[in-house]
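Those protein sequence lines, which keep their order, are chains C, B, H and Z.
Numbering-wise (this note's numbering), the first sequence opens with residue 2 and increments by one.
Numbering-wise (this note's numbering), the second sequence opens with residue 2 and increments by one.
Numbering-wise (this note's numbering), the third sequence opens with residue 2 and increments by one.
Numbering-wise (this note's numbering), the fourth sequence opens with residue 2 and increments by one.
Here are the simulated BS3-like pairs of lysine-lysine, each with C-alpha atoms no more than 25 angstroms apart in a straight line: (1) Lys235/C / Lys56/B; (2) Lys283/H / Lys283/Z; (3) Lys283/C / Lys283/B; (4) Lys283/C / Lys56/B; (5) Lys326/H / Lys56/H; (6) Lys283/H / Lys56/Z; (7) Lys56/H / Lys283/Z; (8) Lys56/C / Lys283/B.
Derived from the structure by calculation, the hints contain no laboratory data.
Values in this document were obtained by computation on a predicted structure and should not be read as measured data.
Protein chains: 4
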Amino acid sequence: MRAAVLHSARDLRIERNAPPEMGAGQVLVRVHAGGICGSDLHYYLHGGFGSVRLKEPMILGHEVAGVIERVATGVTGVAPGQIVAINPSRPCHDCRYCRIGLQNQCLNMRFYGSAMPFPHVQGGFRELLVCDADQVIPLPETVSPYEAAFAEPLAVALHALARAGSLLGRRVLVAGAGPIGALIVAAARAAGAGEIVATDLHDAALATVLKVGADRAINIAKAPDALAAFEADKGWFDTMFEAAGSAETLLTGLKVVRARGTIVQVGQGAQASLPMSMLVTKEIDLVGTFRFHAEFALAADFIARRRIDVRPLLTEVLPLADAVKAFELAADRTRAMKVQLSFD
Amino acid sequence: MRAAVLHSARDLRIERNAPPEMGAGQVLVRVHAGGICGSDLHYYLHGGFGSVRLKEPMILGHEVAGVIERVATGVTGVAPGQIVAINPSRPCHDCRYCRIGLQNQCLNMRFYGSAMPFPHVQGGFRELLVCDADQVIPLPETVSPYEAAFAEPLAVALHALARAGSLLGRRVLVAGAGPIGALIVAAARAAGAGEIVATDLHDAALATVLKVGADRAINIAKAPDALAAFEADKGWFDTMFEAAGSAETLLTGLKVVRARGTIVQVGQGAQASLPMSMLVTKEIDLVGTFRFHAEFALAADFIARRRIDVRPLLTEVLPLADAVKAFELAADRTRAMKVQLSFD
Amino acid sequence: MRAAVLHSARDLRIERNAPPEMGAGQVLVRVHAGGICGSDLHYYLHGGFGSVRLKEPMILGHEVAGVIERVATGVTGVAPGQIVAINPSRPCHDCRYCRIGLQNQCLNMRFYGSAMPFPHVQGGFRELLVCDADQVIPLPETVSPYEAAFAEPLAVALHALARAGSLLGRRVLVAGAGPIGALIVAAARAAGAGEIVATDLHDAALATVLKVGADRAINIAKAPDALAAFEADKGWFDTMFEAAGSAETLLTGLKVVRARGTIVQVGQGAQASLPMSMLVTKEIDLVGTFRFHAEFALAADFIARRRIDVRPLLTEVLPLADAVKAFELAADRTRAMKVQLSFD
Amino acid sequence: MRAAVLHSARDLRIERNAPPEMGAGQVLVRVHAGGICGSDLHYYLHGGFGSVRLKEPMILGHEVAGVIERVATGVTGVAPGQIVAINPSRPCHDCRYCRIGLQNQCLNMRFYGSAMPFPHVQGGFRELLVCDADQVIPLPETVSPYEAAFAEPLAVALHALARAGSLLGRRVLVAGAGPIGALIVAAARAAGAGEIVATDLHDAALATVLKVGADRAINIAKAPDALAAFEADKGWFDTMFEAAGSAETLLTGLKVVRARGTIVQVGQGAQASLPMSMLVTKEIDLVGTFRFHAEFALAADFIARRRIDVRPLLTEVLPLADAVKAFELAADRTRAMKVQLSFD
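With the hints as extra help, turn the sequences into a complete structure.
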């Protein structure tokens, strides 16, 4: 079984391991598609992010989908041959947060391809993957594994929406049109937002978000003052999703979001130097969003029914053998939205 | 009629003006008590705050109470001789925000003693004040005008609580035990908070908050690491009120507030340099709070029934003639919680 | 100017009146389309509903749209020739409820074609109508007045959704597929509901809701036990909209809505004999919904952009001269979804 | 070990059983106090309620407190000699509802003294009780076991409050002043309600609620029209707790609760014949409340600190040998608020 194993920054190797053992209540999945996420890129480019550092070789990847190869005796509801989206999130269901329904905040989370715990949690960029049966969601044959592998980032986007409350008829600003920002645009459109404005620094990204639901796309590198028109009467937008991870973008948001509006902070950026008085006097709700829980099943369902069509976001699929090339492409925002690996 | 008129930073004069004219639907109040607020102090010490600067002489003061002297023909519900709390907030009831019930965000607000608009809105530190009848709330004779003058800052505290949702049984941290922080402690106790911890840099302030409902008071100047014990399992407190206006305090809050907890930002401070990743990964709600609306009547009622006893907060009452001395005392947090002027 | 005036039950007359006078801040609209609503039908068939009775001749109608003929001097934002949806709701903006943003609960509401106040508020089934400028919303020429006249019932549906909170990914049951039920289906689809099941007694209605977004339509006259399958584990649906006004339907809802789910009661029916213990032990939220406020502008916008396509709901348009025939058709649920009058 | 075992309606016997075996992770409690609840009374008087019927002998009781006798090896946090409140609610923590934090809706709940499952879940009216360590909450010695035995009904009251959202400053009507209604009054006062009106048919009950926080108590048997004064402007109260289980009371609530107000249905009564149009047009939220989860620890804490003083509610304590007499007294609402058994 081949896997994409990161040894240190920019040292990504295709290695052969023994195939994993399937236990009770589990399924064996032949992985077909694996999307490269921003955190995968951070590991690849920098060996980690923030205080999280790679301390041992780790298989990357958590946006994976495939076809069920075998199921353990007694497992029901799934069958060999089914295309499945694979949920990389495995909460303990027993800690303080799991007990109140906040499984995404689990104190003992085991999330694929994460160097937060040690030993690290190995990821999904591999040909064969053993999962618990409740991690896989079967999809109809009309959907490809490449679409199925969007279930994870779409779940992230849907969770960000859940943090904002109903968007029905709301004026929405999505700042940052990378894969998560673009999926937030698509999800906001599916959730009945009234008007969606997206911003980014790159025209290619903005062209994509127009395809998935934005009413207007603004290149703030070219038109840095374009949002000033939204500042009147304490601000135009009801809700902003800050998906750029930029302090400057957040500052703009404080100006263009109306009093008592909401800013969902998606991007993690570094330090944000904020004028607290603006948040205070306009009574903005600035809320964080992290990963997902119930939203994974919803994302898979929306992809299955194509209520959200993720295909415009797929830039290119490269074979596992070209993993390094795929990571380099994924790192180039002028060309890439979402790059996936194929394990066929 | 005498009034406390600020001409520029530290140039506060007691001046005699013609008594104001009472119009239809109005009442004439003889002011007895006027509390010195942080914004009054900012005007007095610095001639303004942030981008708001004094551009013409202005009567200070918005925490005022008195006794009704006369009421215009046709005004009902109030009568000469009644002790009244005076609501300094006058929204237009017609703008975009008023129309959705957010009168505290009124685009045309006329708030006593504010240099935000020009001409400035003259304040309430004067012997005679004309108000609209719906600005005054009669209180029973068991309550003094000095207590009544706490209705405004208590309304600010109650509005901060409203921004946090129900506190029943919640673990609450109040950081900053100035007058607003102390009133938040008292209000949180009245709202059924489970455990209230207050912090400040001054022992005098902490001694006071223990009298009005804090379970524990911590001097973080003396015990800078005392809050570290609350960081385990992503944080202890459900809700924090940041009433210190300090970036460092807010940072501490991000550490000790639990995942999905709420931080109500009350203090305006200057710039806050925040690690966004902590707000994001813990999914904190950081929400601003500004002034009040419906809470003024509630504050007056709580004072009337002494459900919240504000008397422990009153440091000293000085006559109007000693206004400068009163302002200097109010500026000294080692000695003063709330200083009021008497206009008798 | 001709108008459809109801004198008593089933005594509907086309009468000629003097054209209305336009005042300051107003516009004169030539009405083109007028939808017959359930309350119009109640007046027509029974002379009223509940305790509301017709006490003087009244022009019916509140689902109207037309083309602006003239605008008063100084009115901006609208111009002659524009197709407009007309908001029949005129709250006072000054009462207890308006002041907290609940204009639909206005104590002094003047809603077109309503016999609640006396003298009655005359309605919109007339050739010429004078409105306040803020009652009309211009639509693009790509939309017909017949679509525009759906803005009012769509606003009712959107308000019902607002009462339910976010529907994103929710399992929704819409019981009763009349015009409001059908528009709730369409709105729930636009709001990202996960699965929508609709029920009714008539196949024609069910065929229509399948066109506007229902995943499944069940004729409970033919399959009275079809919903029993949704009772397991305390119930399947997250949210139910009871748009049938039937006690029996509501009872079914209590069985098939999950614990802590929501039932939005839209239909007014008569008495509902409910087993309280089921509402209590499952902790259902049973919430009423009435008319709309902010949702009118949103409805007009969704129609303008065809984010919700109302055209499948339009059964037939009859000329004003055939108003009686139109009302009789509208009363026949086996044939009619929405019947409109044309005033051309 | 003696226990109060119900064999059929009014056949309550004091029987001797073998003492229970303590397993790993458990504690053995010597029970001191056991409050008689409405459901115990229903079993005693009628052999069940609704569709729940006694099918085998069952030890009654779920409001119990005692002193820890022994703890299993490895159990920490509790020690022999401690007074403890005992949580009778044992959810599975694994079903659909537990997984979203709604443990009180657990599909596999094992609640003390309940005939819902078969075999029945034996209750706590016994001298010795084995519990899981996480069921017991130690209280300070300043609190008696009789107070501690109020933790369960107080948790029910606090959960009812949680269903209503923040009560800070709200106008609250508590209809029905039995033990739960009275505890709701006490909890609403502790939660900062603005004004609390309580109603009942019995003066004794009303006298008690005035002691624990009601501002006004109305005997609606003597003054059936006393609430009519609260109907103006669509209703006076923000929130009503219907703790009488009476359709007539609920109907009154629909009249006196303001538009968009909330009615929390606590009592289960039988059928309620409701005019749906009133719920619809006033957009009332009618929400059920059932048992509790997190509120048990909060109740124990409030009793421990005497933030809620339950002592005025304790009518009489009778020895286990007089259990029949105790049940007969508890059934007489003209004399009894809360009757407890002593197992000493």
